[in-house]
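The sequence shown runs contiguously to residue 92 in full-length UniProt numbering.
No lab work stands behind these hints, which were simulated from the structure alone.
In this text, a Cβ means the ideal position worked out from N, Cα and C, and glycines have one as well.
A hint or two may mislead.
Restricting the straight-line Cα-Cα distance to at most 27 Å, the calculated cross-link-like pairs of lysine-lysine (DSS-like) are [as the list claims (entries may be wrong)]:
1) Lys-52 to Lys-87
2) Lys-39 to Lys-28
3) Lys-73 to Lys-39
4) Lys-69 to Lys-57
5) Lys-87 to Lys-57
6) Lys-82 to Lys-57
7) Lys-52 to Lys-39
8) Lys-52 to Lys-82
9) Lys-69 to Lys-82
10) Lys-28 to Lys-50
11) Lys-50 to Lys-73
12) Lys-52 to Lys-69
13) Lys-50 to Lys-87
14) Lys-73 to Lys-52
15) Lys-50 to Lys-6
16) Lys-6 to Lys-28
17) Lys-6 to Lys-26
18) Lys-39 to Lys-87
19) Lys-57 to Lys-73
20) Lys-39 to Lys-26
21) Lys-39 to Lys-50
Derived CB-CB ranges, DEER-like [claimed, not checked]:
22) Lys-28 to Gly-54: 35 to 45 Å
23) Met-88 to Asp-60: 15 to 25 Å
24) Asp-86 to Ala-61: 18 to 28 Å
25) Lys-6 to Thr-48: 26 to 36 Å
26) Asp-49 to Leu-11: 22 to 32 Å
27) Asp-27 to Ala-62: 27 to 37 Å
28) Ala-29 to Gly-67: 22 to 32 Å
29) Asp-86 to Asp-60: 12 to 22 Å
30) Lys-87 to Thr-66: 21 to 31 Å
31) Ser-83 to Ile-3: 43 to 53 Å
32) Asp-49 to Ser-71: 16 to 26 Å
33) Asp-27 to Gly-67: 52 to 62 Å
34) Asp-27 to Gly-54: 33 to 43 Å
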Amino acid sequence: MGILDKAKEMLGMDGDDTQNAADDAKDKASDAGGGLTDKAKDAAGGMTDKAKAGVDKAADAADSATGGKFSDKIDGGADAAKSGIDKMGGDS
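Generate coordinates for the entire structure from the input sequences, incorporating the hints supplied.
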């Protein structure tokens, strides 16, 4: 008999009680996690404009530093970064 079996015996729990307790804990964790996910999305959603502005500023600086030689590549990378920001913020 293992330590968990001894604990169950001391608490008067059988297999069904143990499974029910595990299911309850799983449900509570899932509910709490969902709320946190929603809060994170809300917070990120409010920052998407600022993040995109930062990407544009960085792209402009990179374009200036390279003398416009890689403008197409820099613009493509900036567009991809902004698309990723939209996806993280919950936008389509």
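Hints, one by one, checked against the model:
1. Of the pairs offered as hints, the one joining Lys-52 and Lys-87 holds, with about 12 Å between alpha carbons and a cut-off of 27 Å not exceeded.
2. Using a Cα cut-off of 27 Å, the hinted pair Lys-39 and Lys-28 holds, with the two alpha carbons roughly 17 Å apart.
3. Restraint check: the Cα-Cα separation between Lys-73 and Lys-39 comes to about 35 Å, which exceeds 27 Å; the hinted pair is violated.
4. Distance check on the hinted pair: Lys-69 and Lys-57 sit about 17 Å apart at the alpha-carbon level, within 27 Å; holds.
5. Distance check on the hinted pair: Lys-87 and Lys-57 sit about 20 Å apart at the alpha-carbon level, within 27 Å; holds.
6. Pair hint Lys-82 plus Lys-57 holds up; C-alpha atoms about 12 Å apart against a cutoff of 27 Å.
7. Proximity of Lys-52 to Lys-39 is assessed by CA-CA distance (about 20 Å); at most 27 Å being required, the pair is judged to hold.
8. Restraint check for Lys-52 and Lys-82: satisfied, since their Cα atoms lie roughly 6 Å apart, inside the 27 Å limit.
9. At most 27 Å may separate the alpha-carbon atoms for a hinted pair to count; Lys-69 and Lys-82 meet this at roughly 22 Å.
10. Restraint check for Lys-28 and Lys-50: the C-alpha separation of about 35 Å exceeds 27 Å, so the hint is violated.
11. A C-alpha spacing of about 22 Å is found between Lys-50 and Lys-73, which places the hinted pair at or below 27 Å, so the restraint holds.
12. Simply put, Lys-52 and Lys-69 have alpha-carbon atoms about 23 Å apart, close enough for the 27 Å limit, and the pair holds.
13. Among the hinted pairs, Lys-50 with Lys-87 is consistent with the structure: their alpha-carbon atoms are about 15 Å apart, no more than 27 Å.
14. For the hint linking Lys-73 to Lys-52, the alpha-carbon distance of about 17 Å falls within 27 Å, and the restraint holds.
15. Straight-line distance between C-alpha atoms of Lys-50 and Lys-6 comes to about 56 Å, which puts the hinted pair past the 27 Å bound.
16. Between the alpha carbons of Lys-6 and Lys-28 the distance comes to roughly 26 Å, so the proposed pair stays at or under 27 Å and holds.
17. Restraint check for Lys-6 and Lys-26: satisfied, since their Cα atoms lie roughly 23 Å apart, inside the 27 Å limit.
18. Between the alpha carbons of Lys-39 and Lys-87 the distance comes to roughly 16 Å, so the proposed pair stays at or under 27 Å and holds.
19. The hinted pair formed by Lys-57 and Lys-73 meets the criterion: a straight-line CA distance of about 15 Å does not exceed 27 Å.
20. With a C-alpha separation of about 20 Å, the suggested pairing of Lys-39 with Lys-26 holds against the 27 Å cut-off.
21. For the given pair, Lys-39 sits about 18 Å from Lys-50 by alpha-carbon distance, which is consistent with the 27 Å threshold.
22. Checked against the hint of 35 to 45 Å, the C-beta distance between Lys-28 and Gly-54 comes to roughly 38 Å, which is consistent with it.
23. For Met-88 and Asp-60, the hinted distance range of 15 to 25 Å is satisfied, since their beta carbons lie about 22 Å from each other.
24. Separation of Asp-86 from Ala-61 is about 22 Å and conforms to the stated range, judged on CB atoms against 18 to 28 Å.
25. With their beta carbons about 54 Å apart, Lys-6 and Thr-48 fall outside the hinted range of 26 to 36 Å.
26. Here the CB-CB span from Asp-49 to Leu-11 is close to 54 Å, at odds with the stated 22 to 32 Å.
27. Look at Asp-27 against Ala-62: about 48 Å separates their beta carbons, and that is not inside 27 to 37 Å.
28. At about 54 Å, the CB distance of Ala-29 to Gly-67 disagrees with the hint of 22 to 32 Å.
29. The beta-carbon spacing between Asp-86 and Asp-60, approximately 20 Å, falls within the hinted interval of 12 to 22 Å.
30. Evaluation of the 21 to 31 Å hint for Lys-87 and Thr-66 yields a pass: the beta carbon distance comes to about 28 Å.
31. Between Ser-83 and Ile-3 the C-beta distance comes to about 52 Å, which sits within the given range of 43 to 53 Å.
32. Judged by the Cβ atoms, the range 16 to 26 Å given for Asp-49 and Ser-71 holds: they are separated by roughly 23 Å.
33. Roughly 59 Å separates the CB atoms of Asp-27 and Gly-67, a value that falls within the hinted 52 to 62 Å.
34. Range check, Asp-27 to Gly-54: about 39 Å between beta-carbon atoms, so the 33 to 43 Å window is met.
Going through the hint list in order, the structure does not satisfy hints 3, 10, 15, 25, 26, 27 and 28.
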